[in-house]
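Chemist: In the order they appear, the protein sequences are chains A and B.
Residue numbers 1 to 347, in full-length UniProt numbering, belong to the letters of the first sequence in order.
Residue numbers 1 to 347, in full-length UniProt numbering, belong to the letters of the second sequence in order.
The hints are simulated quantities; they were obtained by calculation from the structure and are not laboratory data.
Honestly, I wouldn't trust all of these hints.
To be verified - Pulled a few chain B residues facing chain A out of the computed Cβ check, cut under 8 Å:
1. Ile45
2. Val54
3. Val60
4. Gly132
5. Ser138
6. Asn139
7. Arg140
8. Met157
As the list claims (entries may be wrong) - If you want the footprint, here are the derived chain B segments under chain A, 3+ residues with CB under 8 Å:
9. 62 to 71
10. 89 to 100
Unchecked claim - Label pairs and their calculated CB-CB ranges:
11. A:Asp304 <-> B:Asn161: 48 to 56 Å
12. B:Phe192 <-> A:Gly278: 52 to 60 Å
13. A:Ser194 <-> B:Asp66: 32 to 40 Å
14. A:Ala321 <-> B:Asn105: 30 to 38 Å
Keep in mind the model is a prediction, meaning the values are calculated, not measured.
Just so it is clear, CB atoms sit at the ideal spot from N, CA and C, and this is done for glycine as well.
There are 2 protein chains.
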Amino acid sequence: MQDQAEQRTDINTLGEFGLIEHLTRQFPLENSASIKGVGDDAAVIDNTGFLTVVSTDMLVEGIHFDLMYSPLKHLGYKSVAVNVSDIYAMNAQPKQITVSIALSNRFSLEALDELYEGIRLACKHYGVDLVGGDTSSSNRGLILSITAIGQGTAEKMVYRNTAKIGDLICISGDLGAAYLGLQILEREKQLFLSNPGIQPDLEAQNYIIGRQLKPEARMDIIEMFEKNQLVPTSMIDISDGLASELFHICTQSGVGAFLEESGIPIHPDTELQAIKFGLDPATCALNGGEDYELLFTINPKDVDKIRFLPDIYIAGEIVEAKDGINLHTKGGNIHALKAQGWRHFEG
Amino acid sequence: MQDQAEQRTDINTLGEFGLIEHLTRQFPLENSASIKGVGDDAAVIDNTGFLTVVSTDMLVEGIHFDLMYSPLKHLGYKSVAVNVSDIYAMNAQPKQITVSIALSNRFSLEALDELYEGIRLACKHYGVDLVGGDTSSSNRGLILSITAIGQGTAEKMVYRNTAKIGDLICISGDLGAAYLGLQILEREKQLFLSNPGIQPDLEAQNYIIGRQLKPEARMDIIEMFEKNQLVPTSMIDISDGLASELFHICTQSGVGAFLEESGIPIHPDTELQAIKFGLDPATCALNGGEDYELLFTINPKDVDKIRFLPDIYIAGEIVEAKDGINLHTKGGNIHALKAQGWRHFEG
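For reference, chain A alone in the conformation it holds in the complex (with noise of 0.2 Å):
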């Protein structure tokens, strides 16, 4: 029971100016470097003696996101924190976002604040200025296409294609915990949409729930490996799944590798929702996206700088391409890795 009506007002009250105006006000320019934000037809950076790094993402209501489960604040800040992961990914520095949006009318202003707010957040987590966009209305649901634009030096950007033989691979952190926290959102979505009374039964599943909903950017393992002067040989972002990533690394590389299932981070809670669904954990990891660790090999003469870190884990070895992508089990077989992660057009 509602005793007041929820403030509602119409995004066409505004106009496209003023609704641009209306969201971004609360955006300040915090880098020296951003000379101009929104408010002219494009967005002023300088960076003398830097290399620009620049990444986009889109994401589709129905596609990649669902409002039913995820709340708008939650989706902003994901939007964002997804696209700096992979200037992350590069060993660079996000500096700047433009955030483009399509929306039908269906979304309010108040709807799109939270957006914004949860945009905002993220913004401010990683020190990143919005700096431009794009706003205009949709036929059918909402789609956010984020730009990330960020800084680094040639001797430190890391990229996928130079893994060597010898190198160990490494990962940041648990693994396959956002798949299993969307497939719990998935089935009480389903139990809702068959019984409207029933109430989410969400297990306490915080941990796992949280890294489908807020995931972060490894921002601290940047800055890690800056403060350990640790820079890897090769490094990605798993969004697709440990599996899918490493077949990027291996193939534009030109090199195998040999995983060990023993050394693939997988959290406790992440373990057991695995087996409550019937699903192997190992698998989960290996195939599940969006946890948004960093996949990344190092020369083993640096293993010193990582060796003792509680985020850091060891899982293999790059090896010869003829030796293949393999996967050494817990059970003491070994058999050659599929990448299968995302597949958004098989959806």
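Based on these hints, arrange chain B on the given structure of chain A.
Modeler: For chain B alone, coordinates are given in the frame of chain A:
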């Protein structure tokens, strides 16, 4: 009658990465500054000593374009032109673009190839590299999000908020044609929908329809500025109609404007077609959008640098803010201008 069925390759057969590879393999990196393009987490751009300029636009089927009369190749070309136009409007040089698309299953690979062929032609024409993007599915329709990145110098960068009292208001080409082109296409679409056997009557309006379907960004005007050592005092590209853009410059610069109707360039075909539709040609030029000409102001001491150029029209003067933004009509009246322009939210 068709003898052979058209080839139709389902997008799903390629997978996401195969699709990206397929779509982007015809885009060699041309600029030496494009260190890394498609195929890593982010694009890397070396621009030591220069300013980076970034602009982004989102185009949604049914809102910004209609595939019933927008061939995909034209759409691809236009979506790039529209973005680089924003970079030129800063007096900067576009260098790279990223292209993100979401599309439903009704699009075949051949259709996508058409789209990317248009993008490729525009990249070639404007000298920009495609350096990244994202591709995913949508539940309905096609959504394009393009980010353009450019280079410029601090001395030559031109903003919207720096017009000065006494400056001359200049326009780079004729206005209103793109709007009338859209009206013709919309009329023919409605006739076709009510009677699919009918042949479209485009009234040999190649010029007007071309302005709508395949606008060009004014690269040549930026080159002329460079050659003539002219730096405008303010500039904006005309995407929403002259009146709306002039309001942006005046509001942000804290000035007014005195615009001469007789100085607004209108093509003879536009004039005739407006009259056929029972519209005032000047109103089409003032409030019709998508012409992508440049509106700029110059210090009167620079007038000799542009006075005799066929492409430049001087259409008024910047005045004090208290004098407002007025139009001096051909009929001898002076009345306050209204900024109407495109309002996609009111569509």
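Chemist: Confirm or reject each hint.
Modeler: Status of the hints after comparison with the structure:
1. Ile45: holds, 4 Å
2. Val54: Interface hint status for valine 54 of chain B: holds (5 Å vs cutoff 8 Å).
3. Val60: Given a least distance of 5 Å, the restraint on valine 60 of chain B holds.
4. Gly132: Holds, about 6 Å.
5. Ser138: This hint holds: serine 138 of chain B lies near chain A, its Cβ roughly 5 Å from the closest one there, short of 8 Å.
6. Asn139: holds, 5 Å
7. Arg140: It holds, given that the least Cβ distance between arginine 140 of chain B and chain A is near 6 Å, below 8 Å.
8. Met157: Because about 6 Å separates methionine 157 of chain B from the closest Cβ in chain A, which is inside the 8 Å limit, the hint holds.
9. 62 to 71: Held - the segment 62 to 71 of chain B has 3 residues with a Cβ nearer than 8 Å to chain A, which meets the minimum of three.
10. 89 to 100: holds (count 6)
11. A:Asp304 <-> B:Asn161: 48 to 56 Å: holds, 54 Å
12. B:Phe192 <-> A:Gly278: 52 to 60 Å: Given about 54 Å between the Cβ atoms, the range holds.
13. A:Ser194 <-> B:Asp66: 32 to 40 Å: holds, 39 Å
14. A:Ala321 <-> B:Asn105: 30 to 38 Å: holds, 36 Å
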